[in-house]
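If you read the protein sequences in the order shown, they are chains G and Y. The opening position of the first sequence corresponds to residue 3 in the working numbering, with each subsequent residue numbered one higher. The opening position of the second sequence corresponds to residue 1269 in the working numbering, with each subsequent residue numbered one higher.
Everything labelled a hint here was simulated from the structure, so no lab data went into it. A portion of the hints provided could be inaccurate.
Unchecked claim - Label-pair ranges, simulated between beta-carbon atoms:
{"id": "1", "chain 1": "Y", "residue 1": "E1390", "chain 2": "G", "residue 2": "N5", "range": "26 to 34 Å"}
{"id": "2", "chain 1": "Y", "residue 1": "S1932", "chain 2": "G", "residue 2": "Q29", "range": "51 to 59 Å"}
{"id": "3", "chain 1": "Y", "residue 1": "E1390", "chain 2": "G", "residue 2": "P151", "range": "48 to 56 Å"}
{"id": "4", "chain 1": "Y", "residue 1": "S1696", "chain 2": "G", "residue 2": "N49", "range": "48 to 56 Å"}
{"id": "5", "chain 1": "Y", "residue 1": "D1724", "chain 2": "G", "residue 2": "Q108", "range": "43 to 51 Å"}
{"id": "6", "chain 1": "Y", "residue 1": "A1444", "chain 2": "G", "residue 2": "Q260", "range": "54 to 62 Å"}
{"id": "7", "chain 1": "Y", "residue 1": "V1288", "chain 2": "G", "residue 2": "Q108", "range": "17 to 25 Å"}
{"id": "8", "chain 1": "G", "residue 1": "I41", "chain 2": "Y", "residue 2": "F1988", "range": "44 to 52 Å"}
{"id": "9", "chain 1": "Y", "residue 1": "K1568", "chain 2": "G", "residue 2": "I197", "range": "50 to 58 Å"}
{"id": "10", "chain 1": "Y", "residue 1": "L1303", "chain 2": "G", "residue 2": "A10", "range": "30 to 38 Å"}
{"id": "11", "chain 1": "Y", "residue 1": "S1493", "chain 2": "G", "residue 2": "Q29", "range": "49 to 57 Å"}
{"id": "12", "chain 1": "Y", "residue 1": "S1493", "chain 2": "G", "residue 2": "Q260", "range": "54 to 62 Å"}
{"id": "13", "chain 1": "Y", "residue 1": "G1670", "chain 2": "G", "residue 2": "Q108", "range": "47 to 55 Å"}
{"id": "14", "chain 1": "Y", "residue 1": "R1359", "chain 2": "G", "residue 2": "N85", "range": "55 to 63 Å"}
Since this is a predicted model, take the numbers as computed values, not measurements. Glycine residues also receive a C-beta, built at the ideal position from the N, C-alpha and C atoms.
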Amino acid sequence: MSNFGYVAPTTVEETLAVLQRATDQGQRTQILAGGTDVIVQFRSFDNSHRLFVDIKALKETNDIRIENELVFIGAAIPSGVLNENAELKALFPGLLEAADLIGSTQIQGRASIGGNLCNSSPAGDTIPALIVNSALCVIATNEGTRTVPAENFVTGVGRNCLEAYEFLLGFQIPRPSTDTGDAYLRFIPRTEMDIAVAGAAASLTLNHDGICERARVSIGAVAPTPLLVSSAAEALIGTTADENALQQAAQACSDAAQPITDKRGTVEYRRKVVGVLCRRAGAIARDRALSNRN
Amino acid sequence: MAEAANFKAIGTRPIRPDGVEKVTGRANFGADLNLPDMLHGKVLRSPHAHARIKRIDLTKAQAMDGVYAAISSADFPQEVTSSLSKNILARDKVLYHGHALAAVAARTPRIAEEALDRIEVEYEVLLPVLTLDDAMQENATLVCEDLRTNDDESSPPSNIAASQRFERGNVTKGFAEADVIVQEEFRVPSAHQGYIEPHACVATSNPGGRVTIWCTTQGPFEVRSATAGVLKKTVSDIKVIPSEIGGGFGGKTVVYLEPVAVRLSELTGKPVKMVMNREEVFRATGPASATLCKIKVGAKKDGRVTAATAWLAYEAGAFPGSPVGPGCMSVFAPYDINNFLVEGYDVLVNKPKVAAYRAPGAPQSMHAMECAIDELAQKLDMDPIDLRLKNAAKEGTIAPYGPKFPPIGLVECLEAAKQHPNYVRKPSEEVGRGVAVGFWFNIGMQSSAEVNIAEDGAVSIMEGSPDIGGSRASMCLMAAETLGVPYETINAHVGDTESTGFCNLTGGSRTTFATGLAVVKACEDVIAQCKARAAMTWELDVEQVDWKDGQAVPKPGVNIDVEPLSLADIAKTMSRTGGPLLGRASLNAQGAGACFSVNWTDVTIDRETGKVDVKAFTAIQDAGRAIHPAYVEGQMQGGAVQGLGWALNEEYIYDENGIVENASFLDYRVPVASDMPMIDCEIVEVPNPSHPYGVRGVGETPIVAPLAATSNAVRDLLGFRINDLPLSPPNVLAAIDAAD
Ligand SMILES: Cc1cc2nc3c(=O)[nH]c(=O)nc-3n(C[C@H](O)[C@H](O)[C@H](O)COP(=O)(O)OP(=O)(O)OC[C@H]3O[C@@H](n4cnc5c(N)ncnc54)[C@H](O)[C@@H]3O)c2cc1C
C-alpha cells in the first residue's frame, strides 16, 4: 500500500546526503516539516511515489537565537511554539500574528513558517510578514549555507528558488530597533480556517519626531507571488504615516496588485481590499512603533 | 411552561444514552464497518455538466489485477426507468458534473481508483443549462428531451417539470384596497446540507439473493424500498441496518451508493464497501434548490395585509422534484390573508438532483416574504413584530394551504419576542437588526415501538427512527414519564428493518412526535399488562387497579390491604404471572402540529470589505412541549447556524461549463464556530393537542427565519436592501459601492 519512503535525519550533513543520494538516483524527495500542507496535498492531489525527508529532528531547524543584531528562527518551529515565545512576540508581533492565523490550534501544533514559505502559495500568511521584516532565508547546501531575501524566495505559484538537494534551515532577521513596529492583516470571509483572499504586511520605523524613516510593505494573495511594494513604502517614508499617507500607500498596493478572479475572490474585490488591508496594517505598525519607543 | 412543573421526567436535561460512545469515538458510523474479504467500491463521475454517453468501455478496468467487477447502468434492470435509477448511474446522458456513470469493486480503495482511470468513456458534450432564467426560456436547451410540464402530452418539451397555482379571494381587489404595496424579486442560491459524515455503506449478498446493507441513513426502511425498486427485488430480500448517523438534515433520505454496492456484491460474491469523499458529497449529493421568488404584498395604513402574490421558481437539479410545493404552501403560512395567489415552477437544470434540507422549500420562499414584510414595516413605519402580530395566523385561521389551524404558537412567539431583553435592548448605531418569522408544517407518518421489560424492571425501547438529534434520550424521557420509572433505568435502541416494526424515516420533524407517540402507547400497553398482573396477584378485577407513580395500586375505594407493586416487583415475578412483559404500538400519527418561530439577527458590517458579522442572534420557537429542552435548543441553534451560513457565505461556484469549483469545506464556506455568536434560545410551549405530552416537531423550523432576519438586519444598517443571497463580502461590497 505505502506509496512513500520516510527518513528523519538528525544532522544537516546527513539530510543533505540523503537528498543528494535520492536526487542522483532520480528519486523524488520532499521535505516534511509540520506536514500540514504536505500530507493534505499527498492525500488529495498528487500521491506519486516519493521519499519524505523529515527535518524536524534537526537542531538547526528548531533553533531560536535572539542576539543584539540578528535573530534566527528555525524553519521547522511550529507556530504554536513560536507564539509561546514572549521575546519573539515583542520583537515581531506582526510576524507572530501571521503565524497565529494559520489554521487552528490543532494545525498550529505542527505548522511552521518554513513550511509556509516553502509551500510558496501566493496566499501563505507569513510570507508578507517575513518580507517586511527583511528576513533572509538561510538555505543549507552542499557548499555550506546560502541566503536569499524572503521577497526573492518564491518564484511562482508553488515554486521557489530551492534546488532538490537543498533545504531551508531558518530565517535570519535583523533585530528591529525599538522605534519599529510591524503588522499583518488578511481578509477571509470567515474568522478562521480559510485562505487569504488578500493580505498585507507593513513594518515602519519612526524617528523622534514621529517621521517614518524606514518602511516596508508587502502584499499577498493578489499576485502569483507575495510582493514587496516599494511604491507603498515610498508613500510612507518622510510622513507621519497619517491617514493621508496611508491612503497613498493603500492606492500603491491596489495598483501593484495583479490579482485574478477565482473561487476566492474577484479582481476588483481583491484590488480594493488589499489597499484597505495595507492602510489598516500600516496604522497598526505605526502605532506599535510609537508605543515601542515610549 | 407552568404546567411543565407537573412532570417528573419531561422537561429535564439528562445526558444522552449514546453520548459516551460518541465522545469516546466508539460509536460506529457509516464508514466504520469492515467485513472479512470485503471489497472496496468506487464510482466514476462525469467531468461534464451535460453530455451524451456515446460509449463506456469497462474492459481495461475489469482486466486489472485486484479488480473484481466494473459496472455501468447496463448492469441494472433496464425496465426500471425511475429518476432514482438514472441518478445512481447515468443511462444515455450525464446530467451534472459529478453524475455517477460507472463503478468498480476492487481489493483496495487505491486499486479501485486506478481502475476508474482505465474506464474509457466517449462523450458528446452538450450545452449545460445552469440557471433558472436560461432553463425557463423558450427554446431553452433541454435537460431531458421528452419532459413535458405536468406530463401534458399536448405541450412541447420543457425544462419546467411541473407548475402549480392556488389562490383565495380576489387579489386585484385586495391590491386596490392597499395603501402601500411592496413588490420585489429575491434570489437564494443552492446550499448543501453539509453533514459531517459522508455517505457510506457496506452491502453483502448471499447466493440465494438475500441482501444485507449497513449504511448511514435517515430512513432504513426507505433505503430498503428504494434499493428494491432499482434492483427489482422484493423488500423482503433486503435487510437494512442503520449505523449511527453523522448528520443528515434531509440529505440522507435518499440513496446514492446502496444499490450500486449491492449490485457489485452480487457480481463478486463478496461484501462491498463504498464511502464517498467530501468532493463527491458536494458534486453528487443533494443540495437545496436555488430559487427565484417574486413577491408582491399590499397593506392598509394600519398594517393589515390586503393581498399578496408569490411567483416561485425552484431548481430541481437534473431530475424533477424540487420542494417548490412546500415552498408555495409555506410562503404565506404565518399570515391570515384573504386575497392571495401563489404560482410555483419545478425547473430542471444541469446540477445535482436536489434533496430535502431542513424545512425543504420554506427557507427560500419565506426569505422572500419575510423581506417583503420587513419592507412593508419600513414603509408603514411600524415595528416589524407589531406588523406581524397584526396579521398573524392563530387557532382557527384557515391556513393558506387549506386546513384550519389547531392551536399554534405564532402569536405567543411574537409576544415573547417583544418582551425579550435582547429585543427590548435596542441596537447601537453600528448595529443593524432584522426580524423574521419561521414556519414548518411537520409530519406524522408511520412508526412502531416495542417496550421490553427485563426481569429486574429495566426498560428497553426498540424503535426504528435513526437518532440524529438526541431522539433516544427523548424516547427514554417520555417512557420514564409514562411508566413512572427513573430515566436511568431505560434504554432506547434503533432497530434494523427486520428487528423492529415499520417506521418511516427520521424527517419532517416527526420522530419525537410520531415515534414518541408510539413509545408512549407501547408504555401504556405495558401498564395495562402490569395492572392485569397486579389484579391477578391481588385477586381483583383489572378495573380495580390503578397505575400511579410507577406502581400498581388498588383504586381508591377498593377495600384491600396490599403493598403497591412496582414495575420491578411485577417484572420479578413475570414468569409466574404470564410470561414476559412486552408493550407494542404501531400507528400512522395524525395531527403533527405546525411549528412557528421568531428570530432576530444583530449585525455589523465592515463597509470597506463588505464583511457582515453576526453579533447576536435570538431564536424563539414553539416546541409544543420540550421533552428534552437542551435538544430542542440544540435544534434551534443548529438550524440557526445553518440558516446564517446560507445567508452569509454558502454558495456553489460553477464555471461557465457547469463545473463545480468549490467542492470542499475550504471553499464552500459553512460558518466556523468562531463566526457565530451564542444563539440565545427561548422555548415557547403551546401544547399540540394531538400528542399526549403536547409535542410538536422542532427540527426544521429553525433554519427558516435566519435568512430573512439577516437580510433585514443588513437592510436596517445600510438603509437599502440587498435582495439576493448570499450576503458574502464581495456581494455586499459591490452593493455598497453601487449605492455610493
Ligand atoms: C486546516 C488547515 C488550515 C490552514 N490554514 C492556513 C492559513 O490560514 N494560512 C496559511 O498560510 N496556511 C494555512 N494552511 C497551510 C499550512 O498549514 C501552512 O502553509 C503551514 O505553514 C505549512 O507548514 P508545515 O510545517 O506544515 O509545512 P509542510 O506541510 O511540512 O511543508 C510545506 C511545503 O514546504 C516544504 N518544506 C517544508 N519545510 C521545508 C524546509 N525547511 N526546506 C525546504 N522545504 C520545506 C515541503 O516539502 C512542502 O512542500 C492550512 C492548512 C490546513 C490543513
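Here's how the hints hold up against the structure:
1. For the pair E1390 of chain Y and N5 of chain G, the supplied restraint of 26 to 34 Å holds, since their beta-carbon distance comes to about 31 Å.
2. Taken as a hint, the range 51 to 59 Å is violated for the pair S1932 of chain Y and Q29 of chain G, whose Cβ atoms sit roughly 31 Å apart.
3. Separation of E1390 of chain Y from P151 of chain G is about 52 Å and conforms to the stated range, judged on CB atoms against 48 to 56 Å.
4. The hint said 48 to 56 Å for the Cβ distance between S1696 of chain Y and N49 of chain G, and at roughly 53 Å that hint holds.
5. Roughly 45 Å separates the CB atoms of D1724 of chain Y and Q108 of chain G, a value that falls within the hinted 43 to 51 Å.
6. Checked against the given bound of 54 to 62 Å, the beta carbons of A1444 of chain Y and Q260 of chain G, roughly 58 Å apart, stay inside it.
7. Between V1288 of chain Y and Q108 of chain G the C-beta distance comes to about 23 Å, which sits within the given range of 17 to 25 Å.
8. In this structure the supplied range 44 to 52 Å holds for I41 of chain G paired with F1988 of chain Y, their Cβ-Cβ distance being about 47 Å.
9. The hinted window of 50 to 58 Å between K1568 of chain Y and I197 of chain G holds, with their beta carbons roughly 52 Å apart.
10. For L1303 of chain Y and A10 of chain G, the Cβ-Cβ distance of about 36 Å falls inside the hinted range of 30 to 38 Å, so the restraint holds.
11. Between S1493 of chain Y and Q29 of chain G the Cβ separation comes to about 54 Å, which falls inside the hinted range of 49 to 57 Å.
12. Checked against the hint of 54 to 62 Å, the pair S1493 of chain Y and Q260 of chain G passes, with Cβ atoms roughly 57 Å apart.
13. For G1670 of chain Y and Q108 of chain G, the Cβ-Cβ distance of about 52 Å falls inside the hinted range of 47 to 55 Å, so the restraint holds.
14. Look at R1359 of chain Y against N85 of chain G: about 56 Å separates their beta carbons, and that is inside 55 to 63 Å.
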